[in-house]
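Chains as they are written, first to last, in the UniProt record's numbering: chain A, 1 to 415; chain B, 1 to 277.
Mixed in with the good hints, there may be bad ones.
[Unchecked claim] Sample of chain B residues facing chain A (criterion: CB under 7 Å; computed from the structure):
no.	residue
1	86
2	90
3	101
4	102
[Claimed, not checked] Pairs of lysine to aspartate or glutamate residues, derived as EDC-like cross-links and limited to a Cα-Cα distance of at most 16 Å, are as follows:
no.	chain 1	residue 1	chain 2	residue 2
5	B	95	A	40
6	A	43	B	108
7	B	95	A	48
8	B	180	B	165
9	B	95	A	53
10	B	253	B	217
11	A	120	A	86
12	B	253	B	7
13	B	64	B	98
14	B	95	A	30
15	A	126	A	179
16	B	51	B	98
17	A	379	A	35
18	A	49	A	9
19	B	256	B	242
20	B	256	B	241
21	A	401	A	100
22	B	95	A	29
23	A	49	B	242
24	B	120	B	108
25	A	49	B	98
26	A	401	A	57
27	B	95	A	47
28	B	273	B	60
29	B	64	B	31
30	B	51	B	14
31	B	95	A	42
32	B	253	B	267
33	A	120	A	179
34	A	168	A	150
These are computed hints drawn from the structure, not numbers from a lab. Note that CB positions come from ideal geometry on N, CA and C, so glycine has one too.
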Amino acid sequence: MPSNKSVSDAPITQFINCRILRDHHLQREDLWVREGRILDPEKLFFDEKGYADERVDCEGSIIAPGFIDVQINGGYGIDFSQPSNDVSSGISLVAQKILEHGVTSFCPTLVTSPPSVYHKVLPQVKVHGGGRHGAGVLGFHLEGPFISLEKKGAHPEQYLRTFSSGGKDDLMETYGGLDNVAMVTLAPELPNSQSAVRELCQRGITVSLGHSVANLSQAEEAVQAGASFITHLFNAMLPFHHRDPGIVGLLTSDQIPPGRMVYYGMIADGIHTNPAALRIAHRAHPSGLVLVTDAITAMGLPPGRHTLGQQVVEIQGLHAYVAGLTDVFLVLGTTTLCGSIATMDMCVRHFKQASGCSVEEALEGASLHPAQLLGISHKKGNLDYGSDADLVLLDDALNVKATYISGEEVWRRGA
Amino acid sequence: MRLVILDDYAQSSEWAAKYICNRIIQFNPSEDRYFTLGLPTGSTPYGCYQKLIQYHRSGDLSFKYVKTFNMDEYVGLPRSHPQSYHSYMWNNFFKHIDINPANAHILDGNADDLEEECQKYEEKIQEAGGIQLFVGGIGPDGHIAFNEPGSSLVSRTRVKTLAKDTIMANARFFDNDLSKVPTMALTVGVGTVMDAKEVLILITGAHKALALSRAIEEGVNHMWTVSAFQQHPTTTFVCDEDATLELRVKTVKYFKGLMHVHNKLVDPVLSMKDQDK
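Next comes chain B alone, as it looks inside the complex:
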């Protein structure tokens, strides 16, 4: 595991964006060989998306040969609802970049047959050649995507009922009216994300601190599903100071001491302008 600790939200967003940018460019995607990216939603990755859009606008990064797979979507929420994950991705990312709409995949929470939808999603990922880099966040209860505490660590894409904690955390997006918050979601499984070649988890804010400490300093446990990534060969956690508040001083010192090594991954930041001609 790499634990990359930055001072604040802005810096961690930027580090993560640079990392993703470099990964895509190093892969040198083309018509025959797309870069597949797994994507999250929520307030944590927002800053990272802003930075990626900036790199795109300045001409340094194109998503023309990138395929994306989002982690999750609410069940039963109209696709055009401002809180749907489709809306989030359109407004905060897709509408600002040059991705081919046919390559932007998000689970359909209004499909007639939800299980079939999940099955098909797994197949689409397979057909795309698997995920190169899965970017994710973490819930206050340590979940990844909507793999709530108790989810199987080898689970696949499926329908999940949301935990009370998650519903309460989401209420702020639904006028603080618990009755308006969706209770079910389609989500990639822990196993699905584990299949990715690389995993990048963004964790910022003091309210995520406990979850981070359980995820990386305790054992692999289905009550803190992010802990499964201790068994993934290439996982990077990017966080800010506040998210480290529950970690042992020893852990933090160790990884801060490695920052000069970590920073080589994002310095220099590559540009597609250098690739052309």
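Here chain A stands alone, though its shape is the one from the complex:
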């Protein structure tokens, strides 16, 4: 048929024989893509008299928006917090590998480190889109150093800091700069944290509460100042108590400003959270659940010794077959958990199985919700017309079959 497209001559791809996640439902619909974005086929038909140039037969696969991981510390031997002159290539390597897990965008995470590390590492990596080279980088997630001593987890004690210069100045002093930073995790009970929270929010940086002993009021104050995320709920915070629910209480707090929402990260690897706790959180606040891997350098590698920031960790080879392989990582000489080696697609499968939620909810926990959290849901995390065509093709068991970024295939199982 003669081409008659008036808006653009760019080729149009039509994904057929698929079920797409749209409007919170899996629907039997074709998915149309042009110039890296989801296209409205009805407009194409009537306004442009256009049609597809290429058809991709998905053989009944599910098409979900590409997964977004907002907490990943490294993998495949790479540790993002390890200062090096070439951080970019480490991030690029991980970015490419995680395409296999359906991740199309991520926030490389740096654990508590000395200022010299931030000053060296941050300027080396800019926010950039994904492609065949790997998942897109949405900006760093700086987890620390403004966190609580009691809840440092695997973070190195000697590099913890407080807001001694009033808040804003501490940020600049410590990090060096805030360009290319998407999120900061801090403990709101630290004095002067409010000023830091406000400064970060003003710059469009998501503020997350974590590694903290804050009580609920302190947490609520931080949310009122702009904080919108909880880093790995339940882990590295005070446990839920019925007279002071602590940070966990944010899930059902009535002090959240109207129009705002608190999201919470969950490492659904079967280790960090007991499935019953996962279910309690999910049932209390289903729309705020964000799946994260918190993957560390050893993710993707065989058992052995690896570095995490400024510390050395060792894998204790405990295999827990929960929809996949998960080993437990402990700080050498302690029983403190430190990150996971679960992959994002494993987390999606495990979350669905443990919570009994629907396929749609499981997929949205890894795509729509992180996009909403970061304020990028106008172009990522969904398959709405106009959104970036970052896709993951899955079978019914939610195993990744293929990954696309901007409409281009960037990974295929068995290829």
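Take the given structure of chain A and dock chain B to it, following the hints.
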């Protein structure tokens, strides 16, 4: 007139689809000679569209060399509104078949100059060589397309104000809020449809029974505009039992007795697979 009476909605939808399918294939359309089809919207033809899509999916019917002209469209309703006839045709038909978008014509209810739009539509039909087969439905008030009671039986494509009956019948698609229902529409005229080589009218349901009886058992009357087709050489009415409830027993018996003849038109159902090679 042929009056084809089937037991229920499903069967009448299927009969009509088979008929349309056979007509297209018998015509043997090609690059130089397109088959032009007039199309309706609404709940009545839905089953027929489903069947046509099925024939397409199984490879038996292609719309590659078919041009379509829809009967009508609301005025002032955004094209992307879920109740617009553009939306109906896209979701229920066009998106499932292989028609060239340039060959799918629907009146534009948001055109700057509505009269010019109607004029152009008539011209497009002419340029396409006229309509081979116009498929239509009937309103409870006996209208065809939006040719409301009182419409000229020789009318052409034009703007019409909708009758109260029609607005009320449509309210169910607009949250039962009468204020949300469009009050005007662009529609092909009775004369426009009469120009087609063949006309196929689908009528199902007891609520259409009175209209059917007025249309075929009474005189030609502009109050029941479908009655105009009594003067068309090749009109087929396809209906279900419920739609015959107001007809005389004699009429029904006569036409039921002819079903073995009518069924020859749809048996066998042709397939484009047999045409290739």
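> Tell me, which hint numbers fail for this structure?
Replying inline: 23, 32, 34
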